[in-house]
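Residue numbers (numbering that gives the first Met the number 0), protein chains in the order written: chain A, 0 to 348; chain B, 0 to 348; chain C, 0 to 348; chain D, 0 to 348.
Keep in mind the hints are simulated off the structure, nothing from the lab. Be a bit skeptical, because a hint or two may be false.
The list cannot tell twin chains apart, which means a pair is met if one copy fits it or any two copies do.
Lysine-lysine pairs mimicking DSS-like chemistry, simulated, CA-CA at most 25 Å apart [unchecked claim]:
| hint | residue 1 | residue 2 |
| --- | --- | --- |
| 1 | Lys175 | Lys201 |
| 2 | Lys6 | Lys69 |
| 3 | Lys201 | Lys69 |
Since the model is a prediction, treat every value here as computed from it, not as a measurement.
Number of protein chains: 4
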Amino acid sequence: MIIVFRKDASDQQIEHVIERVEEWGLSPNVSRGTERTIVGVIGDEAILRSKPLEALPGVEHVMPVLKPYKRASAEMRPERTRIRVPAVHDEGAPLFIGGTGVVLIAGPCAVENYDLMLEVGRRVKAAGAHMLRGGAFKPRTSPYSFQGLGREGLEILRAVRGETGLPVVTEVMDTKDVELVSEYADLLQIGARNMQNFTLLKEAGRSRRPVVLKRGMANTIEEWLMSAEYIMNAGNEQVILCERGIRTIETLTRNTLDLSAVPVVRRESHLPVMVDPSHGCGHADLVPALVRGAIAAGADAVMVEVHPDPERALSDGPQSLRPAEFERLVEEAGRVARAVERSLEPEGK
Amino acid sequence: MIIVFRKDASDQQIEHVIERVEEWGLSPNVSRGTERTIVGVIGDEAILRSKPLEALPGVEHVMPVLKPYKRASAEMRPERTRIRVPAVHDEGAPLFIGGTGVVLIAGPCAVENYDLMLEVGRRVKAAGAHMLRGGAFKPRTSPYSFQGLGREGLEILRAVRGETGLPVVTEVMDTKDVELVSEYADLLQIGARNMQNFTLLKEAGRSRRPVVLKRGMANTIEEWLMSAEYIMNAGNEQVILCERGIRTIETLTRNTLDLSAVPVVRRESHLPVMVDPSHGCGHADLVPALVRGAIAAGADAVMVEVHPDPERALSDGPQSLRPAEFERLVEEAGRVARAVERSLEPEGK
Amino acid sequence: MIIVFRKDASDQQIEHVIERVEEWGLSPNVSRGTERTIVGVIGDEAILRSKPLEALPGVEHVMPVLKPYKRASAEMRPERTRIRVPAVHDEGAPLFIGGTGVVLIAGPCAVENYDLMLEVGRRVKAAGAHMLRGGAFKPRTSPYSFQGLGREGLEILRAVRGETGLPVVTEVMDTKDVELVSEYADLLQIGARNMQNFTLLKEAGRSRRPVVLKRGMANTIEEWLMSAEYIMNAGNEQVILCERGIRTIETLTRNTLDLSAVPVVRRESHLPVMVDPSHGCGHADLVPALVRGAIAAGADAVMVEVHPDPERALSDGPQSLRPAEFERLVEEAGRVARAVERSLEPEGK
Amino acid sequence: MIIVFRKDASDQQIEHVIERVEEWGLSPNVSRGTERTIVGVIGDEAILRSKPLEALPGVEHVMPVLKPYKRASAEMRPERTRIRVPAVHDEGAPLFIGGTGVVLIAGPCAVENYDLMLEVGRRVKAAGAHMLRGGAFKPRTSPYSFQGLGREGLEILRAVRGETGLPVVTEVMDTKDVELVSEYADLLQIGARNMQNFTLLKEAGRSRRPVVLKRGMANTIEEWLMSAEYIMNAGNEQVILCERGIRTIETLTRNTLDLSAVPVVRRESHLPVMVDPSHGCGHADLVPALVRGAIAAGADAVMVEVHPDPERALSDGPQSLRPAEFERLVEEAGRVARAVERSLEPEGK
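Generate coordinates for the entire structure from the input sequences, incorporating the hints supplied.
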């Protein structure tokens, strides 16, 4: 931690800061320049991060030197984490997220009914998807919009999972539901709006399911990694980071998908990184280009909304691909994956 | 709702949309221009908002005409809402938020211990504050930071409330805690990071306590009002909207306090509007100017962090005023309130 | 400057950086921690700012300690700059921007014709404005919008200036026009879109007129001060910083007026600070609240769009006040100015 | 154009708006709903865009139906524009930007001296680049940074262009220099900070050189297309749109590269689209992933900063690739181009 003093800081003020730092068991290193005095503090930066150093008289600002994340950090664990999703049926092979294969997850925004879910499941599986998505609990901006089927939606997911053999990912929105959703889902999803719902993160940290943690709409990558840290610190090391677009000044897309987050996360962390271009852009016609871009940039998994009849979808129809469009997309995705020396075969042995 | 077709939309596509709209029981009004065909739909716009119109073939985009909020809207209830906070002790007068008096709320970011809380309570009361703030449950970016005292913090708040006669406002972060916090708090606070934690909003809608709803860091005013709508729709009409800064490209302040939100909310809604400049800017030295600005712009209440020893604060020290600074601020705030024909006397009879 | 090395930086890499720093004539100060080695560099930080330190192998990141602005900095010149605008007619008193009086500038967005300009000039003068605004060169998003009257507009401004005795502020958009506009304007305005048009800044730095430098729509306060630095470094120390709103995620206002910029600029710089709420919010009904807020927060001047017939304005009608609305606003502004111990009397002797 | 009235608009106010619209020669189409009256206006929307409709009493807001761009619009010209860059030497083949081949442009941020420029030119040509970049006029945030060699830089570019046979792209910052730069450059570049320098756009519209128009740091795609419209409307139809990152809340990257802009521009416009990931992210280690992503998403050209000795670069060293890194990148780029059915062979016959 570097403490920079105001130009007019008095010797007494500087002395006082040094004393406080020593009280906390740390060793300050003072440099007096012509323009500013600065104090570097060697030792456990976590101690200092929790201290209001900028409130000390004479201090102008404080600059952390180390990254605030530990368990999520690539420095702490240089080998990349590979998350194992067991096969649905005994004879199947597990999936690995974070290996050489790129995982494709597809399905409707919301679970609407059994027939539709089964139809989508069969179509996306035939096209090459590895997992099925669908929300039973839906975060909606308006209280007057469809809020999801809840437990009934989970039951439908379980049935379609069994029929198709596709593992499922579904969102959990409330601490009270983490245990319930964990019984049904292969991957628990925490949505963008809950990325800093810290009680939910802690509860998900007590689940035995891997967690897909979506990036918040206005959160930095550092904050996103800190939210992963919450889950990991509570005991669950299996976190997948999912980029889904951030809010910017652009209006022709729903959000701005930040594909540079893919290489940044791969540099900063050992955790796998997923991309959701459907929410990222909000328009089905843009999704294929962004899936190709995401895989080319290094994504370990891609999640795409697919609906057999988008104009009747109860949620997010305009960004949903039709099954035939998804089929074409899988072909393109496969070519791009091979161009970057990966494949669409994430099944292990 | 206005449906704009693509230039190359076929007659069949347009016909299909018209049929769907009629199926929903609404009356479409078609205008064929040289450049575009547009369809205006008269009737209950809420029906259309839940339909994926942009997924219909040939549709370019869709423009809502009406505001999505109802209960929170100034159109539905032209007279401004005045929220009554009963006096702590029998002999006292209730406070009103949203009347001619401007309400001052002050206190530390987090409840740290009884002595400190009592000291702050006494000092801010003497200076002129009407209510006391302090967090028992603290949302912190890092799992390694102080997370609040929880129930013990609520007990401290209750004791200091009784000692000082100041009603208290404190945050609730989890659906499981809404009932508990409602037993201790005069106002329930929902923090910026939970503004779209919809299950929490619904639960707060079942509480009997007025709710201070902070604006999310990347949320529009429309979304903020929709979150108020969630609380109101669940049965609790007593919502106070609190502006606390949004994320922008500026880095010298922690957030950018959006004071234009004050007149916008007053135009769009009947609900009272509060401003929290401490979180809004993150630096104690900027707080007095922003409190003056907030009151001049029309805020009904202002919430300020005050700590007797900011350099030892367990949370947000750099943005906390010392009690003596708060005293000066109250004087300035009073002069500005009178300049805009208000006062610092929100107590009713 | 603090140079932070990667955890895995080799001794050779660190040595190499130290050699480079010494080559530049500076003294590096090395601290080896358990987690990171850092090197603090004492001396002229401007030298280091121009070096690509982050391109040196082993370097993780670099943190400047000093502010990049010098001439604009409050550290270099603690007393606040007061800019003198000479009286139009011999008998008049000069205006001072940056003194105890708050300067009110009013007028239409664009100069449209002589009669209208004269009418506005007389009305705003009668209401209490101290200066007149109006654009002869107009930056418009569309090439098909009214682009301003150019030189003819300047002639109209000169005539109305003479008639009313109000000094004028008008925009210059091109290096080729700086001399021309300087002949007509009392204050040269550089618009938000040109805040980083560095050749224009340099040219304005050679003018003898004070410059109103608007903040760019996505520029930080630090960049804004650096643009002032360009003007000052080219020889013109008379710069007024004008906050006019930044782009954010909010959509109900045209921009988000950043009133916290007012106290930040007053802390960081000795230059006067102006606020333009008309462009800042884009809606006439919000302007009065924001003018009050700006003055309460410490603005030295306020610029407001006024048009006698907004619905016929050639530019920015929706954000223009009618003269009668401006009159009421001046009254309110006066009360707020006095509440913060200022006045609307910026004329000196 | 759709005009939405306030709920409380009077019949007189509505009548007045209708009269104004008819005065402008347009035909209003009135729909009276229970909640709102709306007026649709058929005919030339450009007329209405220039009218301050929101300033008319009773009007709540106004929604344009048509896109504001014409010449840049894919609707006006469905076939994609292919820009021809003639060969430097007689025997060479011209390049085409916007055809099936993806164009690679490489070079240092700034022209520093002849030897370095020649070295880079030879290295990037050998690696497979099709054009050379290098700035002679440099927009720098600080007046104390290297500002470019100006005309001397242009002379160096000309010499290296002749030696290597690579056409060059270089920036023009000032209307006064457009003619000069046009004599030296094969493509004129307008930088992000000048995207709305409208006098410069008009002047570039009078040049015979194709123009690379970089997207502004806080500009929407619609505004970017409107700036292209300025150039095209002034007579120069040869515009290449270059995405280079927008400002967002993210801090680990210099900007957020908006790769969704690639498919959006391809849908909205016939103009070719280029991507500059070097400025887009600011860190050399992220560039290769983003070049791959850009090509996979459909970019027609990619511009990359390459410097033989980044740690001695006078500008943007940290984001510059070394020549050997660029070689590897070209290989990867070629594989991805082929995966999306393109190539790195943009030379025509």
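Now for the hints, and whether the structure bears them out:
no.: 1; hint: Lys175 to Lys201; verdict: both (12 Å within a copy, 14 Å between copies)
no.: 2; hint: Lys6 to Lys69; verdict: between (34 Å within a copy, 13 Å between copies)
no.: 3; hint: Lys201 to Lys69; verdict: within (16 Å within a copy, 35 Å between copies)
Checked against the numbered hints listed earlier, the structure breaks none of them; every hint is satisfied.
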